[in-house]
Amino acid sequence: MSNYKLTHLKELESESIFIMREVAAQFEKPALLFSGGKDSIVMAYLAYKAFYPAAIPFPFVHIDTGHNFEETITYRDELVKLLGAELIVGSVEESIETGRAVEEKGFSASRNKLQTVTLLDTLEKYKFDAALGGARRDEEKARAKERFFSHRDEFGQWDPKNQRPELWNIFNGKKQLGEHFRVFPISNWTEMDIWQYILQENIPLPSLYYTHEREVFERDGIIYAALDAIPRRESEKVEVKRVRCRTIGDITCTGLTLSSADSLEDIIGEIASSRVTERGGRSDDKRSEAAMEDRKKAGYF
Amino acid sequence: MKDTTGYLDMELLRFSTAGSVDDGKSTLIGRLLYDSKSIFEDQLQAVKEASKRLGGGEEVNLALLTDGLRAEREQGITIDVAYRYFATPKRKFIIADTPGHIEYTRNMVTGASTADVAIILIDARNGIIEQSKRHSYIASLLQIPNVIVAVNKMDLVDFSETVYNDIKKEYEEIAAVLKLKNVIFIPISARDGDNVVDASKKTPWYQGETLLHLLETLPVRKDETKLPSRFPVQYIIRPHSDEFHDYRGYAGRISGGSFKVGDEVVILPSKTESKITAIDEGNKSLDEAFTPQSVTIRLADNVDISRGDIIVRKSETRPTVSANVSLLVCWLNHRPLNEGGKYIIRHATEETRAIIKDVHFKVNINTLENILDDKTVKMNDIAHISIKTLKPLKYDSYGENRITGSLVLIDENTFETVGAGMIVHNLEDETYTI
Ligand SMILES: Nc1nc2c(ncn2[C@@H]2O[C@H](COP(=O)(O)OP(=O)(O)OP(=O)(O)O)[C@@H](O)[C@H]2O)c(=O)[nH]1
Ligand SMILES: [Mg+2]
Chain D
8 MSNYKLTHLK ELESESIFIM REVAAQFEKP ALLFSGGKDS IVMAYLAYKA
58 FYPAAIPFPF VHIDTGHNFE ETITYRDELV KLLGAELIVG SVEESIETGR
108 AVEEKGFSAS RNKLQTVTLL DTLEKYKFDA ALGGARRDEE KARAKERFFS
158 HRDEFGQWDP KNQRPELWNI FNGKKQLGEH FRVFPISNWT EMDIWQYILQ
208 ENIPLPSLYY THEREVFERD GIIYAALDAI PRRESEKVEV KRVRCRTIGD
258 ITCTGLTLSS ADSLEDIIGE IASSRVTERG GRSDDKRSEA AMEDRKKAGY
308 F
Chain R
548 MKDTTGYLDM ELLRFSTAGS VDDGKSTLIG RLLYDSKSIF EDQLQAVKEA
598 SKRLGGGEEV NLALLTDGLR AEREQGITID VAYRYFATPK RKFIIADTPG
648 HIEYTRNMVT GASTADVAII LIDARNGIIE QSKRHSYIAS LLQIPNVIVA
698 VNKMDLVDFS ETVYNDIKKE YEEIAAVLKL KNVIFIPISA RDGDNVVDAS
748 KKTPWYQGET LLHLLETLPV RKDETKLPSR FPVQYIIRPH SDEFHDYRGY
798 AGRISGGSFK VGDEVVILPS KTESKITAID EGNKSLDEAF TPQSVTIRLA
848 DNVDISRGDI IVRKSETRPT VSANVSLLVC WLNHRPLNEG GKYIIRHATE
898 ETRAIIKDVH FKVNINTLEN ILDDKTVKMN DIAHISIKTL KPLKYDSYGE
948 NRITGSLVLI DENTFETVGA GMIVHNLEDE TYTI
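These protein sequence lines are chains D and R, in that order. For what it's worth, the working numbering labels the leading residue of the first sequence as 8, then goes sequentially. For what it's worth, the working numbering labels the leading residue of the second sequence as 548, then goes sequentially.
Hints may contain errors.
Cross-link-like lysine-lysine pairs, in silico, DSBU-like; alpha carbons within 30 Å at most [said to hold, decoys possible]:
1) 595(R) - 120(D)
2) 584(R) - 17(D)
3) 595(R) - 17(D)
4) 938(R) - 12(D)
5) 861(R) - 822(R)
6) 938(R) - 181(D)
7) 769(R) - 12(D)
8) 904(R) - 181(D)
9) 168(D) - 595(R)
10) 168(D) - 304(D)
11) 112(D) - 244(D)
Since the hints were derived computationally from the structure, they do not count as laboratory data. None of the values given here were measured: they were computed from a predicted structure.
Produce the complete structure using the sequences and hints provided.
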């Protein structure tokens, strides 16, 4: 027999595919939460691989804040077509119009937190019993505590002090009526793993991830796109700079990085020498020390 | 641009921390990340601010790098496992920093269950205490291939060689009883960094490696691709499309050995025979696939196969097919094990129900002896039990195969995972204590 050793990327891929198939087998109505960022894109490709040549047995759900970069939406629609997936869009704007969510006011207003309302409403509307998310444990300190199969009570809440044990690769997706699971197949991937995988698999990305010229302004040391979704103070000057996104989320909380990286190799080099985390540029985490934990407890992604 | 090509084929090592509350596990992980330059500036800044806010003054509390929950920071203890990642030019690491508090033993087991190395910390001032033994026992049950015993807080005992040697000697006796394999000792100060990444000048009497060097060089687990082949069927792929009208594939993760196109196979429990016609991975077809690859196997005959069945090579040792299973169980729930009660069982990709037939004994963690007269298995107890399942399981012993040799028990009403089971054939033959 030949001697065989999986590379760590192959091992991570295999683990993630195993978990996606486990979800398809254990749940009646799963969905894949698709944000348009690199992690969801990798998730989409993993799902395609896991079930090929059959269609991906769950729809993609995009919780749309209405404050997206145009490129994200174009890319999303093309990808869905390419992979033959079904797309469901939950609209935060609609949640605001129907009074389910209340728009924040002021200069640092963001619809990021409101997404939780729309997300939980969408899960309930379609009776989804498992939502696959592309969160990674290396992203943030509360995420570092997350199980692969994360139980949510009937209000969609996470109880980090009382998580179910999760042993070996045995996943227990049993739940009471009205409860659901969040499942994180790429928990063990790091930001570097994601980029290496994108390179290895030759996955096309939205142009936002590569360097481009854009009108931007600076606030609290973070560079934002100068678009209507973020109201600017008079003192905040708009300049044109060469930037790219390190993560992509809602416009109001996506910080841009000054960069001239125009290939995956360049991006990987940039990340290898970076001294700040990718979420260092996300204002949603900077609101308080336990901002992510609090949002997660309430049912956020 | 930095050279990142080496990164593509690095080895992965998973390790977890263990030991009693406050022995310094989280501080050690923080120190390891910090001294190996794996901390980002914004993370360090956040931890500095939190340290100050929590009353630590200017001293950075490195434990906060893993103790990320609000409740953990308020109480100064770890409650649930934190996973951290870092890489050196030699290896890529997945760290599970687990809690020492007895209340959260279930979370320690969670973190340890996938580890290749366990670092067991012992506070040099307190020596080996019950919780150190419990975690060692669990490491032995889980058959973690390497155990590093880190005698910590050496700074508080003046880096005394005598203190270190006394603890080492006492632990060696325990390791012998527990039949722990490959035990390595190291004197450290997690707080100050002695022997963590850099060799300490304060322990001239210690000739061994630093902790990081050990982690970079210890052998990863035994080669699972050499085991008898096991393929638990996870999901059936049938496209229902015109292009793939007749496609019928069995998806799963290889859980022992390897499979080749052309292999004669047997499907268990039905004992139906067939032959592998294709092994697919996404839209690529492979000639051969190995543990732990996730693939889709196609067979020559249209046989009746469902999730939970196991495909094995005909020429190799088969798993035991039986409804009677003997196991060592680590109990994880406040509600005690109910002898005679029914539980849901998950084993590989199979789910069935089982009745607890017998509790043979439970373990006294302090004396490491078996208790035969008290059979109430409470939270954190370790016991030897027998169960009878509704559907027969296709199993190996845990010593033979970690995947087909392990199972979990699930409460029928609450659906909580209440027990971790390691299957044994015959206790005397196994590498266990008992
Ligand atoms: N002097 C000294 N103090 C240490 C050392 N390592 C840890 N400590 C201190 O011991 C206390 C407990 O450290 P932690 O790292 O939180 O302990 P732990 O083992 O993770 O505790 P749990 O996770 O709750 O089980 C903290 O106040 C640390 O600063 C050391 O090497 N020397
Ligand atoms: Mg700790």
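Here is how each hint holds up against the structure:
1. With a CA separation close to 27 Å, the supplied pair residue 595(R) and residue 120(D) stays within the 30 Å bound.
2. Of the supplied pair hints, the one linking residue 584(R) and residue 17(D) holds, its CA atoms being roughly 26 Å apart against a limit of 30 Å.
3. Between the alpha carbons of residue 595(R) and residue 17(D) the distance comes to roughly 37 Å, so the proposed pair goes past 30 Å and is violated.
4. Simply put, residue 938(R) and residue 12(D) have alpha-carbon atoms about 35 Å apart, too far for the 30 Å limit, and the pair is violated.
5. Pair hint residue 861(R) plus residue 822(R) holds up; C-alpha atoms about 9 Å apart against a cutoff of 30 Å.
6. In summary, the hint linking residue 938(R) to residue 181(D) is supported, as the alpha carbons are separated by about 19 Å, within the 30 Å threshold.
7. At most 30 Å may separate the alpha-carbon atoms for a hinted pair to count; residue 769(R) and residue 12(D) meet this at roughly 12 Å.
8. At most 30 Å may separate the alpha-carbon atoms for a hinted pair to count; residue 904(R) and residue 181(D) meet this at roughly 24 Å.
9. Using a Cα cut-off of 30 Å, the hinted pair residue 168(D) and residue 595(R) holds, with the two alpha carbons roughly 24 Å apart.
10. For the given pair, residue 168(D) sits about 11 Å from residue 304(D) by alpha-carbon distance, which is consistent with the 30 Å threshold.
11. Distance hint between residue 112(D) and residue 244(D) is fulfilled; the C-alpha atoms sit about 21 Å from each other, no more than 30 Å.
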